[in-house]
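Chains as they are written, first to last, in the UniProt record's numbering: chain A, 1 to 220; chain B, 1 to 220.
Just to be clear, a hint being listed does not mean it is correct.
One copy or any two copies: either way a pair holds, since identical chains are not told apart in the list.
What the hints assert, rightly or not - Here are the simulated SDA-like cross-link-like pairs (lysine to any residue), alpha carbons at most 20 Å apart as the crow flies:
| no. | residue 1 | residue 2 |
| --- | --- | --- |
| 1 | 36 | 63 |
| 2 | 66 | 179 |
| 3 | 204 | 168 |
| 4 | 126 | 44 |
| 5 | 200 | 166 |
| 6 | 138 | 68 |
These aren't lab readings, by the way, just hints derived from the structure by calculation.
Number of protein chains: 2
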Amino acid sequence: MPNKMKLTAADLLSLFNPADSDQFLAHFTTRHYPPKALVYSPFEEKNLVFVVKSGRLRVYLAYEDKEFTLALLEPGDVFSTHTPAFVQALEGSEILVCSTATFREAVARRPELSLTMVKVLGELLKNSIETIEGLAFKDVRLRLVDFLLGAAAERGRASTEGTVVQLGLGTEDIALLIGTTRQTISQIVNDFIKADLLRKIDRKTLLITDMDALKALREL
Amino acid sequence: MPNKMKLTAADLLSLFNPADSDQFLAHFTTRHYPPKALVYSPFEEKNLVFVVKSGRLRVYLAYEDKEFTLALLEPGDVFSTHTPAFVQALEGSEILVCSTATFREAVARRPELSLTMVKVLGELLKNSIETIEGLAFKDVRLRLVDFLLGAAAERGRASTEGTVVQLGLGTEDIALLIGTTRQTISQIVNDFIKADLLRKIDRKTLLITDMDALKALREL
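Just chain A, with the same shape it has in the complex (with noise of 0.2 Å):
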């Protein structure tokens, strides 16, 4: 759904026509960036809604040494400050801020404008429950990394495409050996498979076919 709610540059460059009767958007005013510039930190207080005009810009939350991507922007899309979310304009970029309250006006008059904040809000979302599935798993997801790495260094065998290992156990078992759920190991599994890590074979037997990539994971 969110795709399909995506403002075009076309119809967003229409409602900045001047011919405009309403002059919809005389109250914005546009800001350049150049590549890498900050746009907004979380450490200023002022809140702004602004829409992608040009360019391209990461929205990121950072901890300590950690950062988090959230969303990428693009022309069209609309967002909004009231998270505590970093923007950086990863290529030079154009943006038509206004202020909260002159946004509110807008899509009273224009509600097909918050189809856009779905569609940025939505993908934000995702990406944050992502995150929070990473951290939250992080302990179990360590432990089944070295519960694979010591399979393979005992039992692992070299072919083509990468170390078979024959596990000699189910999920449920691997599941009670780690202490946590099957449940748990088989969407942590199949996070390694989408992140073309390994490859099932059998129902107790892996292919580990980025074993680098795989071994890193005990680094983060």
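Following the hints, put chain B in place on chain A, whose structure we already have.
Just chain B now, kept in the frame of chain A:
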């Protein structure tokens, strides 16, 4: 902004008025749930959109033995199950369900529906980011709690309002001691102040107002 955008129960009911000429919501079906009933689990494949007609529902993530509440839904709220979250009825609740495709058409005709989506998504996102912050800061927060409890045990002075602790160190020095940044310490201390665990007396002195709650943080 989000609250202002919420459809009121009255607005909502008017959308469902059978006299409505475009029979806007003819494709919605009503479902009833008793208190505590699970309305949606992320293990179901089918995506739905629903409007809360009555009652109250909780949206939450569950991993291992941890649960993270992301939103409470109330009458007039619109929710889409595209997010991998659980939805549970907190009390007896009625929801109006339709397919994603139907909802997309409905929004095209009634863009104001997306305003309530913005409100719900905003709440989900805010709580998701708070959850990420909590998880990302978990280690350093624990170290800070240990430092504060240690200082209280060593140099704490009982007062009518709690325990006055002369830290003897500024934020910068505490950060160095704990192995983090000044900014992170400030952020966590502010979280503790908001949660009524402590108050600042001056730059190097704190009043711990809820020692038990502070100790309980070590068990999380």
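Quick rundown of the hints versus the structure:
For the identical chains of this complex, residue 36 and residue 63 are intra-copy neighbours only, at 19 Å inside a copy versus 36 Å across copies, given an alpha-carbon limit of 20 Å. Taking the shortest Cα distances, residue 66 and residue 179 sit within 20 Å of each other only across copies (14 Å), while inside one copy they are farther apart (27 Å). Taking the closest pair of Cα atoms, residue 204 and residue 168 come within 20 Å of each other only inside a single copy of the chain (6 Å); across copies the shortest separation is 58 Å, beyond that limit. In this assembly of identical chains, the alpha carbons of residue 126 and residue 44 lie at most 20 Å apart only when taken from different copies (17 Å versus 25 Å within one copy).
For a Cα distance limit of 20 Å, the shortest separation of residue 200 from residue 166 inside one copy, 11 Å, qualifies, whereas the shortest one across copies, 58 Å, does not. Within a single copy, residue 138 and residue 68 get their C-alpha atoms as close as 15 Å, and across copies as close as 16 Å, so both meet the 20 Å cut-off.
Of the numbered hints stated above, none is contradicted by the structure.
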